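Visitor: Listed here are the chains, written in short residue letters.
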Amino acid sequence: MTASLPRRPVFRPGVALHMEPREVDLTYRGGGCLIELDEATADQARDLLSALRLGGSTREELKSQYRDLEVETILGQLDAQGLLTDSPGAAPSGFTGGQAYRRARRRYLTTMAKAGEFYPRQLSERLFQGTAAQTELIGYAIEYYHVVAHCPRVLAPALAQADDHKSMMMLREFYQSEMNHDRMLIRSLSTLGIDPVKSALLPLPSTFAMMSSLGVLAATFPLGLKAALFVLEEPQPEFNESFVKNCKRLDLPDAFIAPIAQHSDVNEGESHDDISADLFDRIEYVSPEEMQEIEKAVSDMAEQLAAAGQEITDWYGAERRLRLRTP
Amino acid sequence: MAPHLPSFPVLAGPPPRISDDRIELILGDTEFTVEHPDPARLMALLGALDGTHDVEQLRSSGGFSGDEVTEILSQLDASGFLDDNINPAARPAIDVLLEIEDELNRGFADQVETTTFWQELTERPTLVPVNVYYGMAIENWHFLYREHLFDSAVLSFPGDHRVRAMLNDFYIEEHRHDDIVLKAFMPLGITPEDMRSSRPLPSTTALVNSLAWWARTDPVFFLATISVLEGGPAQGREGSDSFLDACTEAGLDEDFVGPLREHARINAGHGHGSVSRELFDVLPAVTVATEARLRGQCSLFNELYRNFYNEIWRYWSVTERPLLRTVEHDAGKVTK
Numbered sequence: 000m001t002a003s004l005p006r007r008p009v010f011r012p013g014v015a016l017h018m019e020p021r022e023v024d025l026t027y028r029g030g031g032c033l034i035e036l037d038e039a040t041a042d043q044a045r046d047l048l049s050a051l052r053l054g055g056s057t058r059e060e061l062k063s064q065y066r067d068l069e070v071e072t073i074l075g076q077l078d079a080q081g082l083l084t085d086s087p088g089a090a091p092s093g094f095t096g097g098q099a100y101r102r103a104r105r106r107y108l109t110t111m112a113k114a115g116e117f118y119p120r121q122l123s124e125r126l127f128q129g130t131a132a133q134t135e136l137i138g139y140a141i142e143y144y145h146v147v148a149h150c151p152r153v154l155a156p157a158l159a160q161a162d163d164h165k166s167m168m169m170l171r172e173f174y175q176s177e178m179n180h181d182r183m184l185i186r187s188l189s190t191l192g193i194d195p196v197k198s199a200l201l202p203l204p205s206t207f208a209m210m211s212s213l214g215v216l217a218a219t220f221p222l223g224l225k226a227a228l229f230v231l232e233e234p235q236p237e238f239n240e241s242f243v244k245n246c247k248r249l250d251l252p253d254a255f256i257a258p259i260a261q262h263s264d265v266n267e268g269e270s271h272d273d274i275s276a277d278l279f280d281r282i283e284y285v286s287p288e289e290m291q292e293i294e295k296a297v298s299d300m301a302e303q304l305a306a307a308g309q310e311i312t313d314w315y316g317a318e319r320r321l322r323l324r325t326p
Numbered sequence: 000m001a002p003h004l005p006s007f008p009v010l011a012g013p014p015p016r017i018s019d020d021r022i023e024l025i026l027g028d029t030e031f032t033v034e035h036p037d038p039a040r041l042m043a044l045l046g047a048l049d050g051t052h053d054v055e056q057l058r059s060s061g062g063f064s065g066d067e068v069t070e071i072l073s074q075l076d077a078s079g080f081l082d083d084n085i086n087p088a089a090r091p092a093i094d095v096l097l098e099i100e101d102e103l104n105r106g107f108a109d110q111v112e113t114t115t116f117w118q119e120l121t122e123r124p125t126l127v128p129v130n131v132y133y134g135m136a137i138e139n140w141h142f143l144y145r146e147h148l149f150d151s152a153v154l155s156f157p158g159d160h161r162v163r164a165m166l167n168d169f170y171i172e173e174h175r176h177d178d179i180v181l182k183a184f185m186p187l188g189i190t191p192e193d194m195r196s197s198r199p200l201p202s203t204t205a206l207v208n209s210l211a212w213w214a215r216t217d218p219v220f221f222l223a224t225i226s227v228l229e230g231g232p233a234q235g236r237e238g239s240d241s242f243l244d245a246c247t248e249a250g251l252d253e254d255f256v257g258p259l260r261e262h263a264r265i266n267a268g269h270g271h272g273s274v275s276r277e278l279f280d281v282l283p284a285v286t287v288a289t290e291a292r293l294r295g296q297c298s299l300f301n302e303l304y305r306n307f308y309n310e311i312w313r314y315w316s317v318t319e320r321p322l323l324r325t326v327e328h329d330a331g332k333v334t335k
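One line per chain: the protein sequences are G and Y, in this order.
Once you know that position 140 of the first sequence is 139 in numbering that gives the first Met the number 0, the rest is easy, because the numbers rise by one and skip nothing.
Once you know that position 316 of the second sequence is 315 in numbering that gives the first Met the number 0, the rest is easy, because the numbers rise by one and skip nothing.
Everything labelled a hint here was simulated from the structure, so no lab data went into it.
Predicted, not measured: the structure shown is a model, and the values here were computed from it.
Mixed in with the good hints there might be a few duds.
[Stated by the list, open to error] Covered stretches of chain Y, as calculated for chain G (at least 3 residues, CB under 8 Å):
#1 27 to 37
#2 152 to 158
#3 278 to 290
We put the CB at the ideal spot given by N, CA and C, even for glycine.
Produce the complete structure using the sequences and hints provided.
Guide: Written out as structure tokens, the structure is:
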């Protein structure tokens, strides 16, 4: 087994060489080593050490240039003393945070434009047409409750991730601003005699998928979490207005409508949709593979959202009575 | 709403077209039509979005007022039409790792090699109390017994499939190494059950849980430390190390040293001393902020590592102390 790193070895800055006819003294930070030179190869060895001062040559180039020397053995010994590093490599290709965010956003827009084909029975369409059933509106409120109730749990792992101070503070503030929003939804549902705390309710698979995805991203792929947040925080003023209109059309009590409308206003008022943009503005580098994974995470979240729009209609709108999802 | 406007805005889609005084912009499969009272003027601005002009140049280009330009750019950006023609600032990860390695080497020389434990072991191995040798093996076992706490946390390493594959291989190679070392305690009359019911020194827990925390919250830093813990790039393929050399010098029973030697040989055979380099060679880049964070934590890591050895000496050089620290209750003290 031959070491392959450093690829283009060079002495660390600060390594001092003192060359004598038959030996070379290398010193570095109070340590170092003494290399005794063989008479037959002394000139080559001195040339090799001089080449390592300059760096730039690969191990293979050094080996073919100094054929009389055991180049790998010498490099191994110098490396064991901590004297070698690598010649600076080329700047890595990739994206700035701003570039990455814009790509993610375009991916979201194109995914959303197509998601309607795959999930054609959208609650939003029924809201816009004024044909949503009461059970669908209540079902939407229940799923909304599941989203906000899960928020602290799924976001919390992201707070532990090492990051620059400002980014950590931005995530912390976002987390705090999402806290206790489930209380608003509990208030809303209680006006209809629904208490998801006393009698536990299951979320729809798509709702649970959105929240578990966020949680997994928060714990394992902070860049993906930062990108996926805007998908859920995107302002939906048309949707919210139609929701309120449909509730009024079906005589749902104001006490049911108000907390939901209030929560939507809270999200838009605090311009939560900016959180991804603000976080990405602070990111200096995203690798091509990370970019790919971010785009996957964002489009997946967008499709889960579209899936939820259809599942709400399919589950809660299937019967005249409200089908509560009790375990 | 996108982040700050791009430094050098460039249109993301194909060049816009003008037809019947309306401007058509294309993004993916979607076509947008823009109506504007002066389409030629707007086309001139769109034509300048080629990534060679910064926002200030565009604002003062003449066709529109500065604020109008900003407004148009913001709207384009919000709809996904803008990109930024700049390059990210980051260094190749391996370049950064080799510098971090230098920091860790310095810390190792200044803090770890100077501990009484290592001084005594390398200079006077025959005078070192035998319990110190046993204690080192015991704490080493506690470390290996908990290695899953940190190695498993990076199995899902995000963003690079090659790094993830290497970490999965590393996990497999390290799996159940505690069982190899466990055999060393049989000649001391310590059973595997005894070992599992014992507890490590707080300095060992400190090292283990710090690594587990870093692996979960700052995995890149954890990756940089692996090689130090595995003996470093200087580690030979034959698996000799200073501790085993001291054991030999001190004439310790081969039944005790053998399993430790076997463990060192297996590790060396896998080249684990170079794992950090190999991982960072594959990792594309490290940003300036990450580099600063990695550097900032090196001395803390070295202190934890120093304490690991220091405390082994402090605890087991007092030969009256029992070999194992347990959590067993003294049943006789329970009274009604």
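Visitor: Evaluate each hint against the coordinates.
Guide: Hints, one by one, checked against the model:
{"no.": "1", "hint": "27 to 37", "verdict": "holds (count 3)"}
{"no.": "2", "hint": "152 to 158", "verdict": "holds (count 3)"}
{"no.": "3", "hint": "278 to 290", "verdict": "holds (count 6)"}
Violated hints: none; the structure is consistent with every hint.
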